[in-house]
Amino acid sequence: MNTIRLTTAQALIKFLNEQYIDFDGVQQRFVKGIFTIFGHGNVLGLGQALEENPGELEVYQGRNEQGMVHAAMAYAKQKHRKQIMAATSSVGPGAANMVTAAATATANNIPVLLLPGDVFATRQPDPVLQQIEQTHDLSISTNDAFRAVSKYWDRVSRPEQLMSAMLNAMRVLTNAADSGAVTIALPQDVQSEAWDFPESFFAKRIHRISRRQPSVESVHEAAALIQSKKKPFLIFGGGVRYSEAAETFRQFAEKFNIPFGETQAGKSGIESDHPLNMGGVGVTGNSAANTLAKEADLIIGVGTRFTDFTTASKQLFSEAEILTINISEFHASKLDAAQVVSDAQAGLTAIDEALGDYSSGYKNEIAQAKEGWEKELNRLHEITWTEGFTPEVAGQLDDQLSEYRELFDSALTQTSVIGKVNELIDSQAIIVGAAGSLPGDLQRMWKAKSRNTYNMEYGYSCMGYEIAGALGAKMAEPEKEVYAMVGDGSFLMLHSELVTSLQEGKKINLLLFDNSGFGCINNLQMENGMGSFGTEFRRRNPETGKLDGPVMGVDYAKVAEGYGLKTYTVRTAQELEAAILDSKEQNTSTLIDIKVLPKTMTHGYDSWWHVGVAEVSDKESIKSAFHNKEENLSRARSY
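Just so you know, we're using full-length UniProt numbering here: the sequence shown kicks off at 1 and counts up by one.
One or more hints might be untrue.
[Claimed, not checked] As a list, the in silico EDC-like pairs of lysine to aspartate or glutamate whose alpha-carbon atoms are at most 16 Å apart: (1) K629 <-> E481; (2) K334 <-> E321; (3) K314 <-> E329; (4) K447 <-> E423; (5) K619 <-> E527; (6) K230 <-> E160; (7) K314 <-> E58; (8) K447 <-> E271; (9) K204 <-> E319; (10) K231 <-> E319; (11) K420 <-> E254; (12) K151 <-> D126; (13) K231 <-> E133; (14) K363 <-> D196; (15) K229 <-> E18; (16) K584 <-> E527; (17) K231 <-> D196; (18) K449 <-> E481; (19) K229 <-> E160; (20) K14 <-> E254; (21) K480 <-> D357; (22) K449 <-> E271; (23) K82 <-> E18; (24) K363 <-> E295; (25) K82 <-> E477; (26) K14 <-> D273; (27) K480 <-> D555; (28) K230 <-> E319; (29) K230 <-> D336; (30) K294 <-> E585; (31) K151 <-> E133; (32) K32 <-> E56; (33) K82 <-> D273; (34) K255 <-> E160; (35) K449 <-> D409; (36) K255 <-> D357; (37) K420 <-> E577; (38) K566 <-> D548; (39) K375 <-> D273.
Keep in mind the hints are simulated off the structure, nothing from the lab.
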């Protein structure tokens with residue numbers, strides 16, 4: 001057996017260079033590059049290997065460990081999981097910073113490879129700098145925290161363990177049914193330790209992502225179920241995008257006249273103006289999709305995990321039967337569904353052939369629902385600061401909104417800004433978002449004019465994904481403009497990868513919606529009987545000792561200008577239009593600081609979200625909210 005003597009880190013880099021994906025006969029390198037933040041736990045191991053011979057791997061300098069993994073995640077998402085980025089950190093706080101991003105990737109089933117440094121396998125310098133000592137178990141390090149949030153976890157304590165660790169890592173990273181974060185912990189001494197690796201370990205490996213075919217029996221059962229129904233309703237999930245099955249889905253819906261709604265992960269798989277595309281469905285869905293879903297006698301979920309937002313906490317289509325087409329047996333089995341376990345394209349194709357001349361019983365309902373939503377959407381585009389608020393909070397708003405309007409010198413509403421942005425940016429531009437009120441407004445309101453232009457992280461609803469995610473999307477599709485739709489709360493959480501965008505010359509555009517608070521959660525508490533408590537950005541009041549003083553004003557444009565971005569501050573629709581048009585002419589990253597009034601988001605359309613409401617309270621408003629929760633819960637599915 002021929003061998004080659006390399007350090008563990010050198011062998012790892014050499015191995016990563018030889019991994020390829022084959023999907024539908026098309027081959028490409030699987031690992032595009034690696035994000036790095038070096039410290040004592042990885043700089044002399046992986047760092048040395050990357051400096052001396054990175055091969056084809058592109059090396060990027062991150063600014064925050066969580067941020068760089070979010071960028072890697074967005075990259076893989078935009079590439080339909082067919083190409084990924086790796087990320088390495090030092091031991092201790094660097095590794096701990098990546099745990100949140102690992103959880104985000106795993107919750108969304110997006111493959112990322114994490115290579116955190118670890119404490120010494122020999123334990124001779126213990127406790128090494130940044131090491132946690134657990135007196136009950138000396139084998140534990142910070143990296144054990146990744147176990148709960150990784151689809152595969154391993155620690156390479158000897159150089160020869162690298163081979164089985166990395167083969168298993170590739171198995172999970174290329175698993176269409178159960179992918180996510182893969183963590184390979186690398187003790188810093190082992191990284192630099194040499195071993196005689198067999199040359200065969202470095203041979204070109206082609207990982208074929210096959211289209212899993214459905215069983216004949218499940219296809220016949222699915223076809224019979226559909227044929228027995230008059231008003232089926234399709235749900236376009238992220239699995240359809242990752243399967244690259246959008247055309248098959250479209251043809252299926254058109255052939256049998258079945259309307260469909262989109263999940264956050266599925267949105268933009270098919271253009272929004274398609275006659276059968278009702279838009280977002282569920283808690284953050286619109287009236288068209290939710291009305292048809294509620295009236296459907298069969299829900300056909302394709303490539304969806306059926307999260308509580310898609311199902312409106314299992315209440316939206318509680319009376320309908322459920323059929324799932326999903327490559328994951330776990331997700332296919334949800335809601336006690338009839339199951340077709342297969343690749344989305346393969347499953348739809350097989351059922352199509354079995355359905356014969358079936359056609360749904362819809363007449364004018366589809367067009368009427370879509371027209372009704374278009375009317376409401378136009379109203380949202382034109383809404384002013386003085387109207388459109390829910391009755392539950394309307395009485396508390398006058399003084400609050402007047403204060404914000406005076407502070408911001410703005411009358412812009414969030415829904416009108418979204419409409420204007422949707423009108424002005426290029427049809428091929430990609431928008432990226434994550435947590436807060438924006439994902440709900442965008443799933444309802446955003447019209448995707450081109451396919452695969454909506455990159456939303458909502459499986460984990462992780463604040464801080466937006467800006468790093470925009471960088472990752474731009475790296476995946478550098479020829480397109482990319483816009484991060486971010487609230488001021490998320491911007492403050494994490495915006496460090498802005499610097500990486502400047503360093504790499506990867507222009508991203510930040511549309512920062514500043515309402516001086518965590519507006520989404522402020523809505524949630526007030527709509528469930530609470531007052532405004534701890535969610536607005538207010539100064540502490542010396543008289544009350546509470547955070548109920550004046551609203552804080554922050555000039556985010558100046559913050560970004562200090563980094564080197566081209567920035568704008570807008571308070572009117574005219575200023576917004578001028579800023580967007582001018583930002584298109586820039587060659588560097590931009591930030592538009594948009595001062596929007598709170599409470600000017602969209603609200604639920606025939607949907608309900610199950611949240612914990614206090615069962616005991618002295619406030620009548622909370623008692624009422626609890627009663628409402630119990631009533632809705634009684635109408636929801638139990639499993």
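How the hints compare with the structure:
1. K629 <-> E481: violated, 42 Å
2. K334 <-> E321: Holds. K334 to E321 sits at ~12 Å (cutoff 16 Å).
3. K314 <-> E329: The given pair, whose Cα atoms are some 20 Å apart, is violated under the 16 Å limit.
4. K447 <-> E423: Holds, at about 9 Å.
5. K619 <-> E527: holds, 13 Å
6. K230 <-> E160: With Cα atoms ~60 Å apart, K230 and E160 exceed 16 Å; violated.
7. K314 <-> E58: violated, 44 Å
8. K447 <-> E271: Roughly 8 Å between the alpha carbons, so the hint for K447 and E271 holds.
9. K204 <-> E319: violated, 52 Å
10. K231 <-> E319: Given that 16 Å is the threshold and the Cα spacing comes to 13 Å, the pair holds.
11. K420 <-> E254: Since the Cα atoms of K420 and E254 sit roughly 31 Å apart, the hinted pair is violated (cutoff 16 Å).
12. K151 <-> D126: violated, 29 Å
13. K231 <-> E133: This hinted pair is violated, its Cα atoms lying about 60 Å apart.
14. K363 <-> D196: violated, 70 Å
15. K229 <-> E18: violated, 50 Å
16. K584 <-> E527: Status violated; Cα separation ~39 Å.
17. K231 <-> D196: violated, 64 Å
18. K449 <-> E481: holds, 14 Å
19. K229 <-> E160: Status violated; Cα separation ~58 Å.
20. K14 <-> E254: Cα-Cα ~48 Å, so violated.
21. K480 <-> D357: The hint is violated at about 41 Å.
22. K449 <-> E271: holds, 5 Å
23. K82 <-> E18: holds, 15 Å
24. K363 <-> E295: holds, 14 Å
25. K82 <-> E477: holds, 14 Å
26. K14 <-> D273: violated, 47 Å
27. K480 <-> D555: violated, 28 Å
28. K230 <-> E319: Within the cut-off at roughly 14 Å; holds.
29. K230 <-> D336: Violated - the C-alpha atoms of D336 and K230 are around 21 Å apart, more than 16 Å.
30. K294 <-> E585: This hinted pair is violated, its Cα atoms lying about 45 Å apart.
31. K151 <-> E133: violated, 26 Å
32. K32 <-> E56: Given pair K32, E56 holds - Cα atoms ~8 Å apart, limit 16 Å.
33. K82 <-> D273: violated, 28 Å
34. K255 <-> E160: violated, 55 Å
35. K449 <-> D409: violated, 33 Å
36. K255 <-> D357: With Cα atoms ~9 Å apart, K255 and D357 stay inside 16 Å; holds.
37. K420 <-> E577: Measuring from Cα to Cα gives roughly 8 Å; hence the hint holds.
38. K566 <-> D548: It is violated: about 34 Å lies between the C-alpha atoms, which goes past 16 Å.
39. K375 <-> D273: Holds, at roughly 14 Å.
Checked against the numbered hints given earlier, this structure breaks hints 1, 3, 6, 7, 9, 11, 12, 13, 14, 15, 16, 17, 19, 20, 21, 26, 27, 29, 30, 31, 33, 34, 35, 38; the rest are met.
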